[in-house]
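A.B. asks: Given the structure of chain A, go ahead and fit chain B onto it with the hints provided.
There are 2 protein chains.
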Amino acid sequence: MAERMRLGFVGLGNLGAPIAENLLQSGHELYVYNRTPSKSIPLKEKGAIVCDGVASLARQVDLVFTMVSDDAALKNIVQGKDGLLENGRPGQIHVSMSTILPVTAEAMESLYTAQNKKFLAAPVFGRPEAARARKLNFVLSGDEITRKAVEPLLKDAGAAGIFDFGNRITAANTVKLCGNFLIAAALEAMGECLALGKESGVDVQQMWSMLTQTLFTSPVYVNYGNIVLQQKFEPAAFTAKLGLKDMNLVLSQAASVNQPMPLANLLKNNLQELVESGRENIDWSAMSIVSQKNKPETVVHG
Amino acid sequence: MAERMRLGFVGLGNLGAPIAENLLQSGHELYVYNRTPSKSIPLKEKGAIVCDGVASLARQVDLVFTMVSDDAALKNIVQGKDGLLENGRPGQIHVSMSTILPVTAEAMESLYTAQNKKFLAAPVFGRPEAARARKLNFVLSGDEITRKAVEPLLKDAGAAGIFDFGNRITAANTVKLCGNFLIAAALEAMGECLALGKESGVDVQQMWSMLTQTLFTSPVYVNYGNIVLQQKFEPAAFTAKLGLKDMNLVLSQAASVNQPMPLANLLKNNLQELVESGRENIDWSAMSIVSQKNKPETVVHG
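In order, the protein sequences belong to chains A and B.
Per our numbering, the first sequence runs over residues 1 to 302.
Per our numbering, the second sequence runs over residues 1001 to 1302.
Treat the hints with care, since some could be wrong.
[To be verified] With a straight-line Cα cutoff of 30 angstroms, these simulated DSSO-like cross-link-like pairs (lysine-lysine) come out:
1) A:K198 with A:K46
2) B:K1241 with A:K75
3) A:K155 with B:K1198
4) B:K1241 with A:K198
5) A:K241 with B:K1198
6) B:K1155 with B:K1198
7) B:K1245 with B:K1039
8) A:K198 with B:K1155
9) A:K245 with B:K1198
10) A:K155 with A:K75
11) A:K75 with A:K117
12) A:K198 with B:K1135
13) B:K1198 with A:K135
14) B:K1039 with B:K1081
15) B:K1081 with B:K1135
16) B:K1198 with A:K148
17) B:K1245 with A:K198
18) B:K1148 with A:K198
19) A:K198 with B:K1075
[To be verified] To be clear about the criterion: a stretch of chain A counts as covered by chain B if any three or more of its residues have a C-beta under 8 angstroms from a C-beta of chain B, and this derived list gives those stretches:
20) 41 to 49
21) 166 to 178
22) 205 to 217
23) 251 to 259
24) 263 to 270
For the record, the hints were derived by calculation from the structure and aren't laboratory data.
Cβ coordinates follow ideal geometry from the N, Cα and C atoms, glycine included.
Chain A extracted, bound-state conformation (with noise of 0.2 angstroms):
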């Protein structure tokens, strides 16, 4: 455990709130913001200290968690008057635990640089569970001595695993688009999958248990596939807008190193149609079920 600190704490959603929660159960002190108030409530309960905005949480901390939804919030809780880099104490520590763009990375680690303070790229794996048990993946890189530093606020955080991709601040971002594209992939597998045993007459729990046996026993395809086979995708722990939001971010990525991604083209169509339909805010996981809902409306057995 890490030397008792004051932190700040900004986006308490579905994961930021139980790693806040996480930070505060470490022994640290805690000042929390979130653009919603009442979320803060269960936190300030425990003994958060809550702050009525990002500048003010800024002058109390030497180190601030921000776990937003996308590269636009994170742009906007940084930059500008009220912003946390103007109204940061000097040598202010930022990491940045949301998925975004490494491009967007590196112009946060530029901005902080010009000021003398630091920007940490740390985005992580693992669903709300996960963070209340304490078995958190993050991804790490930016400057060396940052990191080194941060590493044990991260295992107070609930890090299971801590990856360091090294001094180049866009790698951690890089690996965690990879990572969660790889995820997608896996959830439009299982959907064709386990829709082609049922409809040809398969007992496919029996099938999903063999297949998790053997070739498929990692946590995504037995945890997700227990999701897709039971189609429970309420609640959402990532809701459909959210992995959207993340595939479009592979695609750009993918555009900008000038990589086809055919798969990941699919996936963002899949994601979309959820969205269009009225469906963002369940799990991302009923991306699954996207082509199976789209059989034609007559059926005829060949």
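C.D. replies: Coordinates of chain B only, in the frame set by chain A:
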């Protein structure tokens, strides 16, 4: 180990040969046949009896295993006056390990039942090295008494796992197609993921190590990931040509139950591109680099 039996084995390809060798090593008397005679030589040297056709093989044995390349090849060795069925002893059992359409397995079962003989579907998951290490996973369906009788022989053939899907003859081949689809989907996902990471300047070896330690711990991601990272697609353990055949079977089965599978379509197209460009005999995991190879010639980093 099962009681010593007189067994037949037809189809001594990449996977058939080591399975046949396992049966020999388990102490059975083994009669073998392969269309290309030279492939029988290594087994002959280990004690197998080489037959000059499936008819003479069928007359010698109580049970025949087959591992042939496709539905047509299976029909070809079974049917006609020189086929396995016509020449088989009374009550002979045919255990089909090939990856074929469920409907083909159903047609075979009907033919065998009409002659009071038995046909069992026992497709197998595992590459040649898994066969040699006796770590294969068999999926089994068909007549119950026959299934129970065959299980010990599958252990002798190299099974680490035998998954019994019951009486319906179509079940095992459906599960096999679902599983192969899931592997192919993972290959394409790995290919796009690693290409994105590499083009974005990340240490992809480290990224893959991280992903396979956390979310993607499965054998499929660990083993194929190394092949894709090193782009070591020769010698092939399972060729692009056979992969394409399997994706066509998946799509054919999907069409027969009216199930859209957009990801399976994408995989089929990539495999087809490999085959049409003359790379049909390299490993099917090379599918993972088709999208990457399709990059426009002029690369503009954005």
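A.B. asks: Please go over all the hints and tell whether each is borne out by the structure.
C.D. replies: Hints, one by one, checked against the model:
no.	hint	verdict
1	A:K198 with A:K46	violated (47 angstroms)
2	B:K1241 with A:K75	violated (50 angstroms)
3	A:K155 with B:K1198	holds (29 angstroms)
4	B:K1241 with A:K198	holds (27 angstroms)
5	A:K241 with B:K1198	holds (27 angstroms)
6	B:K1155 with B:K1198	violated (42 angstroms)
7	B:K1245 with B:K1039	holds (22 angstroms)
8	A:K198 with B:K1155	holds (29 angstroms)
9	A:K245 with B:K1198	holds (22 angstroms)
10	A:K155 with A:K75	holds (26 angstroms)
11	A:K75 with A:K117	holds (16 angstroms)
12	A:K198 with B:K1135	holds (27 angstroms)
13	B:K1198 with A:K135	holds (27 angstroms)
14	B:K1039 with B:K1081	holds (25 angstroms)
15	B:K1081 with B:K1135	violated (37 angstroms)
16	B:K1198 with A:K148	holds (25 angstroms)
17	B:K1245 with A:K198	holds (22 angstroms)
18	B:K1148 with A:K198	holds (25 angstroms)
19	A:K198 with B:K1075	holds (27 angstroms)
20	41 to 49	violated (count 0)
21	166 to 178	holds (count 8)
22	205 to 217	holds (count 9)
23	251 to 259	holds (count 7)
24	263 to 270	holds (count 3)
Hint compliance for this structure: hints 1, 2, 6, 15, 20 are not met, and every other hint is.
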